[in-house]
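Colleague: Start from the sequences and build out the full structure, keeping to the hints where you can.
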Amino acid sequence: MRSLQRPLPSARGAVCPRRPVHRMVSCSAAARPIARATDQQKLELLKRVECFIFDCDGVIWLGDKVIDGVPETLDMLRGMGKRVFFVTNNSTKSRAGYMAKFQSLGLNVQAEEIYSSSYAAAAYLESINFDKKVYVVGEAGILEELQLKGIHHLGGPADADKRVTLRSGEFMEHDAEVGAVVVGFDRHINYYKIQYATLCIRENPGCLFIATNRDAVTHLTDAQEWAGNGSMVGAIAGSTKREPTVVGKPSDFMLRNICARLGLRPQQICMVGDRLDTDIMFGKNGGLNTALVLSGVTTEEVLNSPGNTVVPDLVLPKLPDLLSVREAAVVAA
Amino acid sequence: MKKATDQDKLAAFQAYDAWVFDLDGTIWKGSTLIPGAKEFIELLRSYQKKIFFVTNNATKSRAANAAKLTSLGIPASPGEVYTSSFAAAAYLRTISFHKKAYVVGEEGLVEELSAAGISCVGGPEHRGKEIDWQDKEPHVEVDPEVGAVVVGLDRFINYYKLQYATQCLLSNDSCMFVACNTDARGHFSSTQEFAGAGTMVAAIIGCSEREPLLLGKPASFMLDHLCATHQIARDKCIVIGDRLDTDILWGIQNGAGTCCVLSGVTSESQLLSSDNKVHPSLYMDSIGDFLSVKGQLPSSCSIM
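Chains as they are written, first to last, in the UniProt record's numbering: chain A, 1 to 333; chain B, 1 to 304.
Quick caveat, the hints were computed from the structure, so don't treat them as lab data. Keep in mind that a hint or two might mislead.
Heads up, incomplete: computed chain A residues facing chain B, CB under 10 Å, no partners named [to be verified]:
| hint | residue |
| --- | --- |
| 1 | Val164 |
| 2 | Leu220 |
| 3 | Val233 |
C-beta: ideal position from N, C-alpha, C; glycine also.
Modeller: Quick look at the structure:
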């Protein structure tokens, strides 16, 4: 926070650059340029990895179009007995809700293969044997996932039209049995929800503050970037002065949860994504193999620029590039 | 550290010419005056002390706060009132700001900005605005002339405003991000603390990844303005407030005396805890406690 101290500033104005994304692990620069994966490297990856985790945007699809060759690649991986997960930080839909999107794009997936941050919140509460109520700031997806795990909840879309009346003696009641506030992306965020969540966190002893994710912007449409859950979470961190437990990327909860469920070690998993500072760092911090695809936001120039210190294990122009070793992989399996 | 004794109170009375009061939690809670507030202000005025009311609450203008004080029995003029909304407007005037301001805030903020000749977009007009997600290409069009996003307490915050503010900061060249204040919570009601402007500011930091320029307490702007306008030396000012990280820190960082009252957000245990690094010159339950020395003051005369 910059506050105005003496002397008064010049007419230049208060412009500051975007804060850099926090890097948790530093990687030394590799030999430049970082080469695209050879067939040999692809085969080695397919041999040692049992499970692939895919970021969706820029890896599986771009906007509303599946990237050419992706369905065949997924079939190949499944045919080899590999497990696949599709990760999204968007909490507005449940896993079952996302299934509809996958199916409409012609992708054959099971709901259990989708790891949405809405599911992550419910899975986290289950993993700590949570047995109280949850106050939700967020959309239907979180409520549906909590419901599926039998976790009592209140708030969510039902509080979209609630108002704080601002009478001078105004007093808001809140449920003393709320033991966690879960904050996800909420296009109906309002002061009532912020205040209710604040009361729960501050006044209910031991109340947890859980965030599905903290992405600053989210790509809801192609036309513009949209304010993301970083704003909803920011609001509640701002009033409570508490930091949340984040369950979506780049927190490692999801990775630990997948490892535990499948009985795999991190070295047997590969994270495939298009962003160095989230997907690849996320994978590296979790001890996973990492594969960067160039079909999304990261270009080869950015990858090889002197400013970049994040080195993925593999670089592919796009995911379906793995198909080049399809026959060799089958023979080797 | 112990609560102020009569001796401490008398010393303060002698030492300070300008008494700078916070409002929420210090003079009133909601629309209920703190007991003794009216009488103490009257006492100070009878000794020709200069009185100021400085609030981080941006929702009401200076004039509206002065009117509220007067209606509750504490006569006050707008010139004696400083609000963080006035501070934002005064700052923009100082830098000859000529563009438009996108306001995430209530009427008071728009009033103060308009009074300073700044064109506003948003504010109360964007209350209840929704985005039609069924639309073919939903998007929020922003005015390209917006050169600053100004944020204060906004109890009508919604996603449309968050998105509008974000788009201004991301796509309007050199767009400033100005925060009236960042208080986490406040006593806008007499019965309970409510989420403060810190909520709205943190929300916009969360999606724009920009840091704002802060004008309200504990930034020095309002004290600088008050001292310059009324020609008062800083060390002749005492700041009285209920909040350590704004009122008291503000006074300490700017060379003024400080008195923390326990009638608002801060409890005695918080004040005295080893975690607290902000130590006021004196503290007491409420400003009404000053009245205990009324009978010991010299006969009414100017103490300058």
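Colleague: None of the hints should be skipped; say for each whether it holds.
Modeller: Do the hints match the structure? See the list:
1. Val164: Holds, because the Cβ-Cβ distance from A/Val164 to chain B comes to roughly 6 Å (cut-off 10 Å).
2. Leu220: holds (8 Å)
3. Val233: holds (6 Å)
Checked against the numbered hints listed earlier, the structure breaks none of them; every hint is satisfied.
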